[in-house]
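Residue numbers (this note's numbering), protein chains in the order written: chain B, 1 to 264; chain R, 1001 to 1381.
Simulated from the structure, these hints should not be mistaken for lab results.
Errors might be hidden in some of the hints.
[Claimed, not checked] With a Cα cut of at most 35 Å, we get these calculated DSBU-like pairs of lysine-lysine:
| id | chain 1 | residue 1 | chain 2 | residue 2 |
| --- | --- | --- | --- | --- |
| 1 | B | 2 | R | 1010 |
| 2 | R | 1200 | B | 198 |
| 3 | R | 1010 | B | 196 |
In this text, all values refer to a predicted model and were calculated from it rather than measured experimentally.
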Amino acid sequence: MKIVVCVKQVPDTEAPIRIRPDGQGIDETGLNLVMNYYDEHATEAGLRLREQFGGTVTLVAVGPERSREALRTGLAMGADDALLVTDPALSGADHLSTARVLAAAITPLAPDVVICGKLSTDANAGIVGPAVAEFLNLPQATAIAALEMDAAGTVATVHREVEGGIEVLDVPLPAVLTVERSLNEPRYPSLPGIMKAKRKEIGVRSLQDLGLAGETVGGAAASTRLVRLDPPPKRQPGRSVDGEAEEMVAAIVTFLKHEAKVIS
Amino acid sequence: MDFQLTDEHKLVQSTVREFADKEIRPRAAELDRTAAYPADIIARAAALGLMGMTVPEEYGGAGMGLVAYVVAQEELARASAGVQTIITVNNSLVCDPLVRFGSGAQKRRYLPSLCSGASLGCYCLTEPASGSDAMSLQTAARRDGAAWMLSGTKSFVTNGAEADVCIVYARTGPEPGARGLSAFIVEKSLPGVRVGKLEKKLGIKCSSTTEIVFEDVPVPDANLLGEPGMGGRIALGTLDVGRIGIAAQALGIARAALEDALAYAASRRQFGRAIAEFQAIQWMLSDMATRLDAARLLTYRAAYLRQSGARCTKEAAMAKLFASETAMWAAHKAVQIYGGYGFIQDYPVERYFRDAKITEIYEGTSEIQRVVIARNVLEAT
């Protein structure tokens, strides 16, 4: 089975995020960058399919040169090879453009299945996976929480967690699947895996290599424009009341009635 | 000069940290209380490649350098110094001498299972009457046909209760001191090997510490490690790596103490403010952070020298000395910052305090490290 997993490098969700003064991005100095958590689950899903059916797991990323580190993590988990599409023209590319580039990189690989995280924890858009499916003209199932393949490896039966229940879908391969975190528990990269990953070549492609022009997929072609990033509003400090118990209760009741207006 | 970890080291660090945070840390207090050997954790650590980190891949190891090893040991010890002790002994006191001095047949026979977790190793040097003066040991082996008959008692053997394979140092020649010693690979299942007293300890409780008694144990000649008379050299060379492993353990304990103290000082309020706002507390935190960084740099340097093939006896002793005293001192300050809460078992700092003490004692006490350092600096003058 030819399995492709899309990977993105994102800031560690536990890292403190500082917005650049121009509001057009985040300050990456000293920021810990990791593989998007959902993509770890996507990689795990790919590795399990390979264990079941044989074949190869290829990781594909679109992003700056530093995205290699995220690919290296996936290789250390056990993926066979990795491809990075990087190009200065991609700076400022929107989700749709990223999906176009991914699709162009994936097409020559002729995969049986493409697996993506359901979203990336930095942009939180959830667009790229479905858009890749559209550009590849493949069926898709999004945010899957369970995956079973028929014995021949031709139809994926997937579960989606929907309001009040579980939706069960049969998806004929080749297809694009985006995964929920509850799908599996990703393995740790093993230490021998890290050493093997070090020796694997990461293929690098420019837009030109993929037959794409910066004007059609790069920042210049973005159909959305980032207006500004703002930090979330600071939490106001709490107010405390002093005095005897009766006075404090009275103050709180007055507050709840007249200021918060949650009781009458 | 570049003070950055490589991408490979960072990946080792994040992987081992995640493993330690998820699978070891939540159980550290319970393991300290029950002193039970965490067989399941060791099995998972082995699956990850942590039991033979520097063993070449052809023998089932991870094939990494000593800097990666140190990075991993710090993460493990931060979660549980007891669990890390089990792991570091297998790596640096058992696998390392096998890799360096073992014959091809010995490596093929013992390393793959020591790396996979199928077997566990221990190191038998110390005896009831020979501690710091290790080369005065009295356990003896005499040649008897194709075997050596080994007799003696070893004490304070880490992993002694669970180990399958022992590296045993014994006197094989009439020469006094180091020159009359040889090293043997002894399978614990051999007749005449008996686990003696199981020690009750102040800290690192989930790793067993036992006496091992050898009574006329027939050790095949094929299990002599290196040549007869090489035992002293093997023991001392192994201690360099062992000391770097203990330095890394001390880093982990010191870091846990600092991290907990920082979090507590920021959240504990007295006199209407967080105690971290008081200079008395800030000075302790500053000194903890500074000493920890200095200890880490010394440890990385020793590991780097060792993996480059350079002599590192002085640097390993310096790293071990400074890091272990930093761990003890940082744990002491962490308890002080926690105040009464630092003295009770609901918080882990009292465990760090108890665990830290051993780092100043085993693989050479602080006094012995100073002797080693003095010998080296005096030689250079």
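Starting from the hint list further up, note which numbers the structure goes against and sort them upward. 2
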